[in-house]
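Residue numbers (my numbering), protein chains in the order written: chain V, 1 to 467; chain L, 1 to 143; chain G, 1 to 412.
Keep in mind the hints are simulated off the structure, nothing from the lab.
In this text, a Cβ means the ideal position worked out from N, Cα and C, and glycines have one as well.
Careful, some of the hints might be misleading.
As the list claims (entries may be wrong) - With beta-carbon atoms standing in for the labels, derived distance ranges: (1) SER416/V / PHE255/G: 32 to 42 angstroms; (2) PHE37/G / CYS16/V: 51 to 61 angstroms; (3) GLY153/V / TRP262/G: 36 to 46 angstroms; (4) GLU4/V / TYR245/G: 57 to 67 angstroms; (5) LEU20/G / LYS33/V: 46 to 56 angstroms; (6) ALA191/G / LYS6/V: 25 to 35 angstroms.
Said to hold, decoys possible - The list that follows gives simulated cross-link-like pairs (lysine-lysine, DSS-like), each with its CA atoms no further than 25 angstroms apart: (7) LYS340/G / LYS6/V; (8) LYS9/G / LYS58/L; (9) LYS268/G / LYS44/V; (10) LYS224/V / LYS44/V; (11) LYS52/V / LYS9/G.
Stated by the list, open to error - Facing chain G, a subset of chain L residues (Cβ under 7 angstroms, in silico): (12) ILE4; (13) SER6; (14) LYS10; (15) ILE16; (16) ILE17; (17) PHE20; (18) ILE21; (19) ILE24; (20) THR54; (21) LYS58; (22) TYR62; (23) VAL80; (24) TYR85.
Spelled out, the chains give:
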Amino acid sequence: MDKEIKRIITVLTAICILFVSLMAYLTYFQIFKAESVKMNSYNKRLWINEEKILRGSIIDRNGKILAYSEKVDDTYKRFYNYGNLYSHIIGYSYREYGKAGLELEYNNTLLNISESTALNELKNIVLPNTEGNTLKLTIDHHLQEYSRNLLKGHKGSIVAMNPTTGEIYAMVSLPDFNPTNLKEDWKNIVEDENSPLLNRATSGLYTPGSTFKVLTAIAAIEKKDLDREYECTGSANIDGYILKDYDGKPHGKLNLEEALVKSCNTYFGEKGVIIGKDALGEVAERFLVNKKIDFDLPVSKSSFPYKDNLGETDIAAASIGQGKLLMTPLNMALIASGIANKGDIVKPILVKEVISPEGKVLRNNQPQILTKAVDIFTANEVKNMMVESVKRGTSRNASIKNVRVAGKTGTAENPSGKSHAWFIGFAPAEEPKIALAVVLEEEGSTGGKAAAPIARNIIIEALNTIK
Amino acid sequence: MFNIVSLIFKYIFIIIIYLFILSIIRLIYLDIKGIDTKALNNASYLKLVNRKDTLPFKVKEYYPLDKEVYLGRGKDNQIVIRDPYISKRHLKIVEDEGNYYLEDLGSANGTYINEERILDVVKLKNGDRIRVGQIEFLYVGRE
Amino acid sequence: MFNKMVSYKYPRNLLMLFELLALFLLFIYSKDNLNKFTFIYGIGLILIVYVSNFLLLRISTGDTYIFLIVTMLISIGLIMIYRIDPLLGIKQILWIGMGIFIFFLTYLVFKNIKGWEEWTYFYGIGSIILFIITLLFGSRIRGAINWISIGGLSIQPSEIIKLLTIFLIASYYTRYEHFKKQKYGSYYLIATTYLFILFLFLQRDLGTVLILYTLFIALQFIYEENRRLILYNLLFSIVSGFLGYLLFPHVRIRFETWLNPWKYIDNKGYQITQSLFAIAEGGFFGTGLGLGHPDFIPEVHTDFIFSAICEEMGIFTGMGIIMLFLILVYRGFKIGINQKIKFYRIVAIGISILFGIQSFIIFGGVLKMIPLTGITIPFVSYGGSSMLSSFIALGILQVASEELDFEEAKDG
């Protein structure tokens with residue numbers, strides 16, 4: 001009988017443990033996972049509020065209205081004044097298709113939904129909320145339009161920002177779509193092979209090509225005992241793989257600056273192997289590669305898997321921006337900003353202010369330094385090399401009369417198609433007011449020929465119009 | 001209006017539910033504790049003499065005695081014994097200045113101390129045998 | 001020691017207060033659809049509950065808590081069901097009324113009629129007949145063939161089978177000596193149980209499979225003398241579990257949906273994700289009755305009533321319900337341990353395990369802690385079959401809680 005009772009108690013204990021774990025899981029769920037679970041566009045409760053509240057407007061840095069809501073018949077209708085132009089930045093907000101872009105990330109702000117605490121619940125019942133807040137962006141509408149026009153006809157992305165404040169002046173991603181016609185076009189949009197819904201600026205991952213050499217150069221500078229001299233013969237044998245320069249033409253005797261100006265592959269390939277994958281990787285990570293970038297929109301992580309077992313060929317490839325390297329255009333723009341801003345990378349900002357319906361500024365996003373990527377001397381040294389690249393090197397097409405422009409081109413080989421054309425840079429070099437990254441996807445042309453001229457025009461426009 | 005009421009009520013409901021749970025747990029706990037005999041060491045008590053398994057109703061081995069203890073079939077007594085031969089309110093035992101006094105409350109079948117039916121209030125002595133209905137108790141007094 | 005302060009009156013009165021407040025609140029909520037009858041039904045139920053609790057205390061010498069706990073559970077469930085759909089709420093009140101009546105009926109029947117342990121074969125064959133009827137005449141609702149319609153009434157035979165199985169196992173082990181003598185006698189039970197599980201697989205009623213299986217293995221663990229049989233059982237079940245996973249696509253679907261419902265959010269995962277949204281929105285104290293949106297959850301009055309309760313009445317209420325079930329199971333086990341007669345002991349423990357496992361499976365399922373299965377929460381979910389069979393089980397448990405005294409000597 002005793003054995004029986006012991007066994008009975010065992011079963012009882014087992015059931016008790018089950019129940020206790022149930023309660024523990026419930027608590028864990030509520031504390032840790034509830035917030036993120038709620039924010040799903042399939043959660044119809046997010047929409048219930050919409051019907052009663054006037055969703056806030058979105059305006060550019062000069063007050064131009066980009067998106068707004070108005071009462072039509074009995075419900076609120078959302079209007080996007082510039083359609084395609086802001087499709088990736090503002091996104092959309094529809095019952096059937098969910099939300100995207102800033103409409104998603106700032107949903108609660110646009111609807112003025114406060115955190116659900118007991119006090120707020122009481123407040124909401126006594127003084128119900130009818131109007132959402134307005135978002136004032138850092139975007140300059142004129143520059144945004146201008147940039148998109150330059151990119152029209154191509155696939156790719158442009159990110160233009162202020163390297164000292166982090167404000168994003170323009171962010172373009174093509175192909176795009178018209179959020180106003182989402183219902184009619186949805187099927188086409190979703191099935192389009194070119195993925196118009198993808199925000200290439202934040203989520204497009206490309207091999208950076210020679211633009212990455214600025215980071216290799218930084219790693220080279222930081223390796224104090226590195227021999228910077230090199231004799232370029234047009235090709236180099238790295239662990240069995242033959243690395244070639246553009247057209248196989250030899251550059252002759254080179255130092256670091258010359259190598260960057262002429263964008264010599266063999267130089268950076270061989271020096272990269274000497275610097276080593278860890279040093280190179282460490283520099284990359286200081287420039288936010290492999291790291292989560294805190295931003296108003298979700299950003300994919302750029303990746304350089306340097307901790308893996310990489311052979312010399314892989315290291316050489318990475319040193320010239322090929323191989324297992326993938327970067328987002330936003331990350332490349334931040335690299336340019338970092339070098340422009342004396343080695344400090346600022347936090348990229350898309351939303352400048354949150355303004356209440358009565359006009360009060362509820363939140364003002366101030367510039368913030370994300371990380372100190374490199375010391376000021378190294379930054380300036382690379383900056384000068386980039387200025388030379390524009391003066392007499394591969395980035396010549398970005399030069400502007402009377403303005404010192406710093407830049408670096410890139411032509412990234414794309415194993416699945418034509419090469420990407422890249423340009424990163426900033427101006428004016430002494431006191432940079434604008435830094436940018438331009439990538440033309442599968443352009444088939446070099447960065448110097450295709451990307452640099454676009455960057456040049458954007459820089460001119462920005463310097464002339466942005467205050 | 002409804003919203004505010006519902007808001008307030010949700011807290012009230014939770015409080016009531018938990019009070020409910022707590023009171024049940026407390027009742028169960030007290031039930032279990034009732035069989036604890038360690039606390040009896042210093043008190044006077046009634047000890048069951050009959051063999052428990054011969055009785056067709058629930059009885060405990062020990063009944064500790066308080067300042068005033070009622071015994072009977074009814075649920076509102078301190079000592080409840082479901083013996084059909086015991087009246088609803090059969091007897092009471094009170095404590096006065098360290099002594100315990102037993103009084104029959106006009107029961108149908110009477111109360112017997114040491115086989116003598118009692119008519120008045122009786123002062124209990126250690127070792128007295130008390131018989132009610134089919135039950136026989138031994139009075140164990142603190143001395 | 002005899003603490004007058006805490007009496008049975010306290011929780012009973014608390015329950016009544018709770019029900020009255022809820023009635024009041026629900027009335028303001030549906031003030032446009034107020035109906036004299038609704039009011040009468042509501043007050044009627046509150047009185048019935050109060051009186052039943054009071055009555056039981058007088059009639060039964062057994063456990064007084066299990067009925068009390070159950071009445072709190074049915075109150076919470078009823079409030080939620082009424083709030084979701086007043087018509088269902090009224091029907092539920094009727095089922096509860098019937099249930100309480102059946103409870104007392106079962107109590108009287110079971111207490112006064114003896115010899116339940118002799119009918120082993122009846123329980124087994126009866127269940128098999130029910131299974132066959134279900135397979136032949138049953139209608140498939142939401143994937144599982146679970147219901148039989150007779151006249152206008154739908155009943156769930158699996159509810160009856162659950163009770164029959166408990167009786168089967170209890171009578172088997174009570175008459176174990178008798179069975180041991182027969183050739184292969186010791187394997188009868190395992191064979192029968194697996195037969196039942198096979199039927200249930202064919203019916204696609206995976207939830208009941210889990211319940212029966214756990215019931216069986218727990219009771220076998222306690223009572224089977226041939227310990228090796230338990231090991232074989234375990235091994236065999238693991239093997240058949242894998243086979244089931246590989247052979248039956250609907251098992252695979254359940255697992256995939258459990259692991260990542262977000263991927264299938266617009267079809268297979270819809271139910272569970274809506275359930276999670278509701279629970280997440282509720283927070284610890286809930287949104288308040290009538291202020292949430294439980295109507296966004298499919299099947300909310302049966303399987304997902306718990307999610308609705310968590311949404312509007314908070315996680316704390318959800319945990320309260322879990323605690324009530326825990327106490328119920330604990331009491332059931334205590335009743336079993338204290339019961340001297342073997343048959344009633346096994347029945348009591350079986351019923352406790354049933355309540356415990358059934359509620360755990362559905363709580364775990366709607367929380368995405370374990371894969372979702374379509375079974376009801378005893379006493380809380382809407383449903384006639386479920387309510388009645390749960391009250392029958394409770395009635396049996398109530399009998400088992402008393403000190404039964406039968407003249408015939410029973411095998412120890």
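Evaluated hints:
1. At roughly 35 angstroms, the beta-carbon separation of SER416/V and PHE255/G lies within the given 32 to 42 angstroms, and the hint holds.
2. At about 43 angstroms, the CB distance of PHE37/G to CYS16/V disagrees with the hint of 51 to 61 angstroms.
3. As the Cβ distance of GLY153/V to TRP262/G is approximately 37 angstroms, the hint placing it in 36 to 46 angstroms holds.
4. GLU4/V and TYR245/G have their C-beta atoms about 35 angstroms apart, which leaves the hinted 57 to 67 angstroms range violated.
5. Our hint of 46 to 56 angstroms for LEU20/G and LYS33/V is violated, since their Cβ atoms are close to 36 angstroms apart.
6. For the pair ALA191/G and LYS6/V, the supplied restraint of 25 to 35 angstroms holds, since their beta-carbon distance comes to about 28 angstroms.
7. A hinted pair counts as satisfied when its Cα atoms are at most 25 angstroms apart, and LYS340/G with LYS6/V qualifies at roughly 15 angstroms.
8. Restraint check for LYS9/G and LYS58/L: the C-alpha separation of about 22 angstroms stays at or below 25 angstroms, so the hint holds.
9. This hinted pair checks out: LYS268/G and LYS44/V have alpha carbons roughly 17 angstroms apart, not beyond 25 angstroms.
10. For the hint pairing LYS224/V with LYS44/V, the CA-to-CA distance comes to about 59 angstroms; that exceeds 25 angstroms, so the pair is violated.
11. Distance check on the hinted pair: LYS52/V and LYS9/G sit about 47 angstroms apart at the alpha-carbon level, beyond 25 angstroms; violated.
12. With 7 angstroms as the threshold, the beta carbon of ILE4/L stays out of range of chain G, its nearest partner Cβ sitting at about 9 angstroms, so the hint is violated.
13. Annotation: interface hint on SER6/L holds; nearest CB of chain G at approximately 4 angstroms, less than 7 angstroms.
14. The criterion of a C-beta within 7 angstroms of any C-beta in chain G is met by LYS10/L, whose closest approach is roughly 4 angstroms, and the hint holds.
15. With a least beta-carbon distance of about 5 angstroms to chain G, the hint placing ILE16/L at the interface is held under the 7 angstroms criterion.
16. Residue-level restraint check for ILE17/L holds (minimum Cβ-Cβ distance to chain G is 4 angstroms; threshold 7 angstroms).
17. Proximity of PHE20/L to chain G holds as hinted, the smallest CB-CB distance being about 5 angstroms (cut-off 7 angstroms).
18. With a least beta-carbon distance of about 6 angstroms to chain G, the hint placing ILE21/L at the interface is held under the 7 angstroms criterion.
19. With a cut of 7 angstroms, the hint placing ILE24/L at the interface with chain G holds, because the nearest CB-to-CB distance is about 6 angstroms.
20. A hinted interface residue such as THR54/L counts as satisfied when its beta carbon comes closer than 7 angstroms to some beta carbon of chain G; here the least separation is about 11 angstroms, so the hint is violated.
21. Hint on LYS58/L holds. Least Cβ distance to chain G is approximately 6 angstroms, under the 7 angstroms limit.
22. Of the supplied interface hints, the one on TYR62/L is violated, with its beta-carbon coming no nearer than about 10 angstroms to a beta-carbon of chain G, more than 7 angstroms.
23. Hint status for VAL80/L: violated, given a least beta-carbon distance of 10 angstroms to chain G, over 7 angstroms.
24. About 17 angstroms separates the beta-carbon of TYR85/L from the nearest beta-carbon of chain G, more than 7 angstroms, and the hint is not met.
Violated hints, in rising order: 2, 4, 5, 10, 11, 12, 20, 22, 23 and 24; the structure is consistent with all others.
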